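Please model the complete structure; the sequences and the hints are all you need to start from.
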Amino acid sequence: MFNYRFQWKQAYAKLPEMLDGAITTMQVAILSMVIGILLAILLTLFRRSGNRILGGFATTWVEIARNTPALFQIYMAHFGLAGLGLHLSPYQSLLLGITFNNAGYLAENFRGALKAIPDTQPRAGRSLGMSDLQAFRFIVLPQMIRISFPTITNQMVWAVLMTSLGVTVGMNSDLYGVTQDLNALTFRTFELFAMAAVIFYVIVKIIQAGAWLISRRLFRY
Amino acid sequence: MFDTALTLNDFIFLAKGAGMTIFVTVISVALGTVLGIVFGVIRYQLGPVWSAPLMFVLDIFRSIPLLIQLVLAYAFLGTVLRLGLSGLSVACMVLTLYTSAYCAEIVRGGIEAVPLTLRRAARSLGMSWGQDMRHIVMPLATRVALPSWIGLALGVMKDSALVYVVQVTELLKSTQILITRLQEPLLLLTICGAFYFLISFPVARFGGYLERRWSND
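For the record, the sequence lines run as chains A and B.
So the first sequence is numbered by the working numbering: it starts at 1 and just counts up by one.
So the second sequence is numbered by the working numbering: it starts at 1001 and just counts up by one.
Simulated from the structure, these hints should not be mistaken for lab results.
Computed from a prediction, not measured in an experiment: that's the story for all the values here.
You may find that some hints are simply not true.
[Stated by the list, open to error] Not everything, but these chain B residues come out facing chain A in the computed CB check (under 7 Å):
1) SER1063
2) PRO1065
3) ILE1068
4) VAL1071
5) ALA1073
6) PHE1076
7) LEU1077
8) LYS1158
Glycine included, each C-beta is placed from N, C-alpha and C at the ideal position.
Quick look at the structure:
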């Protein structure tokens, strides 16, 4: 059918190495999500604080993260910071870039979620003697996470897909980087990247299924 | 402190890259939207069961990194089928399908937001399916879908930074070429980021404005 001989066996033999890469990919994605969620909560607090400097800082962060390519942010973390004299390893710059991106997007999603929580609730908490922070922690935050859970899942999927950008700053231990290195050795571009695509697809499906299970357990009304 | 080796020629080089970014974006968003509308309507008309194969294929475009999609398409069309397509056309093709995959969901959401009773009323007034779609569904669905479509178009513009992998020199790639030569990463990246930001930010704001304005009434 095709004037081309597929060499699936050669690609299949490299599966263990690629799965190792997939673990690194997951590691970066999960780390960036955990730090990203914490930073996004912090940014949300900054925006709610009413302090102009903190609010401006948070807004700037969110707008830059949302309005420039993720690849640009990773470049900035790697080459931009190097220009300032701060040399990060590819792993660190990838993590920093994705975390920056995640935090920005999540903060914006949290802001949307906050609109669904009536202002009267934290006020009621305040009148019960809670501090501002307590009212946020015990009344607003749980609902905020619950409402934005689907978007958090989406962002997690994005984080996994974004790890493939690490190769542009010289990362070679994640799934895409490993595949690229193997490709340089064997020139089985199509077969290798098809396998990488399947692995990515499976990872994404596992995340979505996991999120569905978690949401069913956590958010029963 | 503000000495720079950046010459006018380099600036023109960057502008060419920016032009390429916009070119790829406009082509893929335009074609992708048309395809996405077709897919979205098919998805709505066939229902979840019969459109499952189509949705499965479109879901693949959303579950695999764009970088891999580009490499795979380039390798498949180039070395397996030996079509000898240029990187630019491969990039446009992949981004078109990528756009259509997201656009189909947006279109479906828009159509579903139109109350069924309204459409039944249209049909009982003697409108054909096409007339109903054209005069009832389209104006209402557009209101729901346009803000997310703007977000999608901007997303594609940002994602078009990845087409460097099929030898298309767009803005970010030309920036990187200049960084390698001039060794002034901070300045060049700032220019590059400012370009993306200046396009994306006002349009995103406009989308937010539309969303707020149209959701109130």
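Hint by hint, here is what the structure shows:
| no. | hint | result |
| --- | --- | --- |
| 1 | SER1063 | holds, 4 Å |
| 2 | PRO1065 | holds, 4 Å |
| 3 | ILE1068 | holds, 5 Å |
| 4 | VAL1071 | holds, 5 Å |
| 5 | ALA1073 | violated, 10 Å |
| 6 | PHE1076 | holds, 6 Å |
| 7 | LEU1077 | violated, 10 Å |
| 8 | LYS1158 | holds, 4 Å |
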